[in-house]
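Student: One letter stands for each residue in the lines below.
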Amino acid sequence: MAVVKADLEACQGYANCVVGAEDYFDIDDDGVVVLLRAEVSESDRGRVEEAARSCPVSALLVEDQ
Amino acid sequence: MTSTVIVGSSVGGVRTAQALRSEGYDGEVVLVGEESELPYDKPPLSKGLLAGTATADSVRLLTQDAADRAGIRLLLGHRATRVDVAANLVELQGHDPLRYDHLVVATGARARPSPWGERPGIHVVRVLRDAQLLRQDLLDGGHVVVVGAGFIGAEVASTARLLDLEVTLVDPLPVPMSRVLNPEVGGWFVDLHRRHGVRSIFGVGVEAIDGELGDFTVRLTDGSELAAAVVVVGIGAEPNDGWLRSSGLVVDNGLVCDQYCRAVDADNVFGVGDVARWFHPGYGAEMRVEHWTNAVDQAVCVAHNIAHPDDLRVYAPVEYVWSDQHDWKVQVVGRTSGTTEHVVVGDPAEDNRFAVLYTRDGTTLSGAAVVNWPRALIGCRRALRDGSRLAQVHDALTAQASKVQE
Ligand SMILES: Cc1cc2nc3c(=O)[nH]c(=O)nc-3n(C[C@H](O)[C@H](O)[C@H](O)COP(=O)(O)OP(=O)(O)OC[C@H]3O[C@@H](n4cnc5c(N)ncnc54)[C@H](O)[C@@H]3O)c2cc1C
Ligand code: SF4
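In order, the protein sequences belong to chains A and B.
Residue 1 is where the first sequence starts when you use the working numbering, and the numbers rise one by one after that.
Residue 1001 is where the second sequence starts when you use the working numbering, and the numbers rise one by one after that.
Treat the hints with caution; some may be incorrect.
Here are a few chain B residues that face chain A, going by a calculated C-beta distance under 10 Å [what the hints assert, rightly or not]: (1) Q1018; (2) S1022; (3) E1023; (4) G1024; (5) D1041; (6) D1297; (7) Q1331; (8) R1335; (9) W1373; (10) I1378; (11) R1382.
BS3-like, lysine-lysine: derived pairs with alpha carbons at most 30 Å apart [what the hints assert, rightly or not]: (12) B:K1329 / A:K5; (13) A:K5 / B:K1047; (14) B:K1047 / B:K1329; (15) B:K1329 / B:K1403.
Calculated from the structure, these hints are not laboratory results.
From the three backbone atoms N, C-alpha and C, an ideal C-beta is built for every residue, glycine too.
Okay, chain A solo, but in the shape it has when bound:
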């Protein structure tokens, strides 16, 4: 099972990840990313990886657990 991790210090609130995968990412009132779930199923993996790579500050990482 893969998991997605967020670097909350690095996040700048650009929201590209939210647009890419709304079921995994949201943003709180301070403009910091919120992980709606951490575990990434195999079938979602490509899509979540692409959302993670759309982060301009590389704050998101999908990795094997």
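Fit chain B with the ligands to the given chain A structure using the hints.
Tutor: Just chain B with the ligands now, with coordinates in the frame of chain A:
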């Protein structure tokens, strides 16, 4: 084995290579780049890298290790010089030609060169080396004149202020951002620079630049002169499409592509990023966009279309660009130009956080400019995707604004 050759090793090229793997493509992926540097990201070049908070290492888009793990062959330091479309070959400088099944053109854009001479101390900012050289000159101190108050010029001016330098921003337009964001909003940017100690000379062009590093004289069209230690020229970019000219591919201020991002007359050649002019089916018009998120989204679309030729996806994005200027994080989505109809939520002067909502037909939201307000930005991006009414978005943001203030 099938092979995809990607030419251009910046964000568009790198993200295409990575997305091919995420899409399950199992052919060979070769990433060709003119620069011998490992791929790096451009937005920090006018921000953190210039300020000294980012380094060449911290802005890498891909390491050799990550490339190996993803099965991406890096071929750096070789400029592509020609495509033979009939033979499916790309010719390279200093390397044998590469055969491809699919070719991705991601050669981006270059800074429009200074029309007032190019010599040490007169800078453009496009590649890593540009930013490093400019930083060295900035650290020597002295008055900086920035010509061009678009995104990059404005960012360089703001970074130079951060370094405590004396800065003058010159632009021939009376209100620089007014064409994109309209005159009222453009005026707030003028105020922003003034508040942060940038001297601005707008509505006046540059006639000539005399002198040398440390001792320039910038002569303006109104007859006045500015002394400068360093000059930065930020007057836009031009697509790197010259190497395609002899290929027979249609090139017209960018590689001309269809709605699937395929070159109009070669459906195994694709365009990605700043160099691609493609047909946006949602707008019914050709577009070429010089924004980071466009390069990334287009890369994903192209990778999908290469990996799944039976399930072609059209590329119809909502434009998105951000820019960091002084204490403003500016984010612009959708279409904000070509209309004067807009409403504002929040107060630019009072709370340093606001959203400008634009409409083209008087009813539907067509675009938004948001400053220091990430949640409003998400609301606008969703509303644009769903085609929401301006009034509805306005109400939602107004409610959110009062909630945050409590
Ligand atoms: C200083 C600066 C700040 C920016 N800030 C922002 C920002 O805040 N927000 C935002 O949204 N956008 C920003 N942008 C724009 C964004 O960086 C670009 O849209 C993005 O880099 C486009 O990516 P690309 O891969 O299409 O092209 P490019 O980044 O231009 O890369 C093209 C690559 O192709 C290579 N190449 C060119 N010709 C050849 C050839 N013949 N053979 C082989 N290789 C070749 C080049 O060396 C280069 O590596 C900024 C750009 C700059 C320069
Ligand atoms: S894209 Fe990156 S910076 Fe933007 S909200 Fe997501 S994690 Fe944060």
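Student: Take the hints in turn and mark each one as holding or not.
Tutor: Hints, verified against the model:
{"no.": "1", "hint": "Q1018", "verdict": "6 Å, holds"}
{"no.": "2", "hint": "S1022", "verdict": "4 Å, holds"}
{"no.": "3", "hint": "E1023", "verdict": "6 Å, holds"}
{"no.": "4", "hint": "G1024", "verdict": "7 Å, holds"}
{"no.": "5", "hint": "D1041", "verdict": "8 Å, holds"}
{"no.": "6", "hint": "D1297", "verdict": "7 Å, holds"}
{"no.": "7", "hint": "Q1331", "verdict": "7 Å, holds"}
{"no.": "8", "hint": "R1335", "verdict": "17 Å, violated"}
{"no.": "9", "hint": "W1373", "verdict": "8 Å, holds"}
{"no.": "10", "hint": "I1378", "verdict": "5 Å, holds"}
{"no.": "11", "hint": "R1382", "verdict": "8 Å, holds"}
{"no.": "12", "hint": "B:K1329 / A:K5", "verdict": "24 Å, holds"}
{"no.": "13", "hint": "A:K5 / B:K1047", "verdict": "26 Å, holds"}
{"no.": "14", "hint": "B:K1047 / B:K1329", "verdict": "12 Å, holds"}
{"no.": "15", "hint": "B:K1329 / B:K1403", "verdict": "21 Å, holds"}
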